[in-house]
Structure formats: structure tokens, C-alpha cells
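Participant: Position 214, counted from 1, in the sequence shown is what numbering that gives the first Met the number 0 calls 213; the numbers after and before it change by one each time, with no gaps.
Everything labelled a hint here was simulated from the structure, so no lab data went into it.
Some hints could be false.
[To be verified] Cut-off 20 Å, straight-line C-alpha distance, at most; resulting in silico cross-link-like pairs (EDC-like, lysine to aspartate or glutamate):
{"id": "1", "residue 1": "K194", "residue 2": "E140"}
{"id": "2", "residue 1": "K194", "residue 2": "D98"}
{"id": "3", "residue 1": "K194", "residue 2": "D235"}
{"id": "4", "residue 1": "K194", "residue 2": "D138"}
[Stated by the list, open to error] Restraint-style ranges between C-beta atoms, simulated for each label pair:
{"id": "5", "residue 1": "L211", "residue 2": "A64", "range": "16 to 24 Å"}
{"id": "6", "residue 1": "W238", "residue 2": "A179", "range": "14 to 22 Å"}
{"id": "7", "residue 1": "V119", "residue 2": "A60", "range": "17 to 25 Å"}
As the structure is a computational prediction, the values presented were derived from the model and not from experiment.
Built from N, CA and C at the ideal position, the CB exists for glycine as well.
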Amino acid sequence: MPDPDHGPLAQPPRPAAGIPAQVAASAAMGVLSMQALRLAGMGGTAGGWLAASALYLACCAMILAQMRRSYPHDRIGGCNAVTLLRAAVTCALLAPLADGAAAGWAVAMAGLVALALDGVDGWLARRSGLVSGFGARFDMEVDAAFALTLALHTWLGTTLGPEVLLLGVLRYGFVAAGTALPWLRADLPQRLRRKAICVLQLATLLLLQTPLPSHAQAGFLAWLATAALALSFALDIRWLWRHRP
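Construct all of the structure, not just a fragment, from the sequences and the given hints.
Facilitator: Right, here's the structure in full:
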């Protein structure tokens, strides 16, 4: 069937030649932001920060490679630059883990910045006309990595047990199941419920980085967020089952 936007058998337009330079500039800004977090007292050894920075630059290289294949616009825009910045904060949160320093107010504050930026990239994409399937997937992958990193901090830096990792691994379990069950890889319709539960998941993980909730309260909040997340995946799986080929 002809593509109504691009014509029959058309391929997405190749990104403009300036995109590599734009990604490189965003990567440099991300590395600077990571160093700012280090100087602000995030903790961790020099080796841990070097490894985190290298991981971030590798992620930027992967994003550029993916853009060359499937990104349909001629510039990355502020939306993808913000998502790259969120990826930098996520990588920065790995640095203290390498030194055995987990959770705490510094992690919570850095994570709060990343969560606030999560609502900015989509708005910028719509405002600038740069909405794309690539951008949506990029945003989702950063959210997933951010949640897993915060879950690791919660497990290693608080009194909660490894069950809190469910808040970070459920999505990866869903993806892994899709390798065996292709119908799980089909596109899902947009749902406000999915976005709201993602915010609940991340906000809960950020609160758990602080000493504010007691052990009992922290456990209740963690299980509440886990139940909501599991229910969301269950609803999506039911929809995909009903609409499988």
C-alpha cells in the first residue's frame, strides 16, 4: 500500500549532514553536565566517572547510528538534545554505584532534574514539528534505563530488598518476551494511563532515594508502584493478544 506521506515504497529521508555535528555538540553538553553533577557532590571515584562518561559517549554514537537509519528530520532539535541530556544524567547516576555509594539526596536531586526534563522533550518535539517514531522510542529507552538505575540505587543504598528491582526490570522482561512472542512487539495505541504510571514509577523511585519514608512506608510505596506498573503491562499484553495477527 502506498505511504500517504512519502509515496509508494518511499524510505524515510536521510538525516542532513549537519546532524552528526549537532549530536556531537549535545554529547559535549552532556559530558559537561555530568562533570557538574560530580562537582556538586554526587560521589564516586574518578575511574567510575570516566567509565560513566565513556558509556554516555558510546550511547551518543549508537543514537547517531540509529538516526542515520530511521530519523526522518533534518535536525535533531531541542527535543532530542534534551533526551540526550537525560541520558547523560542517567549515566552520571551510575558513577557513584561503582564506588559503592548509592541513594541519598544528591541522587534524588539529579534524578528530579531528569524527571522534570522528561516532560520537556515531547513538548519541544510537538512545538517544533519534529515528532517521530525514533524520538518516541529514544525517550522510552532513556526512561527504562533511568528507572533501572534508580532501582539499583534503591536496592544498594536503602533497607529495601532486591524486590525493588522489579520497578526497573519489568519493562526489559516485556521486551525479552517479545523475542519469543512476535505479537508482543506490535505497536500499542497511545494511552495516558501508561504515561501516568511511568511518572508514578519514577517519582516513587526518587522518593525512595531519600530518608523521608520509613522502612514500612518505603516498602508500601515500592509495592504500590510495582503493582501499578505490572497492571499497566498486563493491560497492554491483553490488548496485544486480542489484536494479534
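Participant: Does each hint hold? Answer for all of them.
Facilitator: Quick rundown of the hints versus the structure:
1. Proximity of K194 to E140 is assessed by CA-CA distance (about 14 Å); at most 20 Å being required, the pair is judged to hold.
2. Between K194 and D98, the direct Cα distance comes to roughly 33 Å. Violation of the 20 Å bound is thereby established for this hinted pair.
3. Proximity of K194 to D235 is assessed by CA-CA distance (about 13 Å); at most 20 Å being required, the pair is judged to hold.
4. The suggested pairing of K194 with D138 holds, with an alpha-carbon distance near 12 Å, which does not exceed 20 Å.
5. Distance hint check for L211 and A64: the Cβ-Cβ separation is about 42 Å, which falls outside the suggested range of 16 to 24 Å.
6. Checked against the hint of 14 to 22 Å, the C-beta distance between W238 and A179 comes to roughly 19 Å, which is consistent with it.
7. In this structure the hint that V119 and A60 lie 17 to 25 Å apart at CB holds, the actual value being about 24 Å.
Of the numbered hints listed earlier, those contradicted by the structure are 2 and 5.
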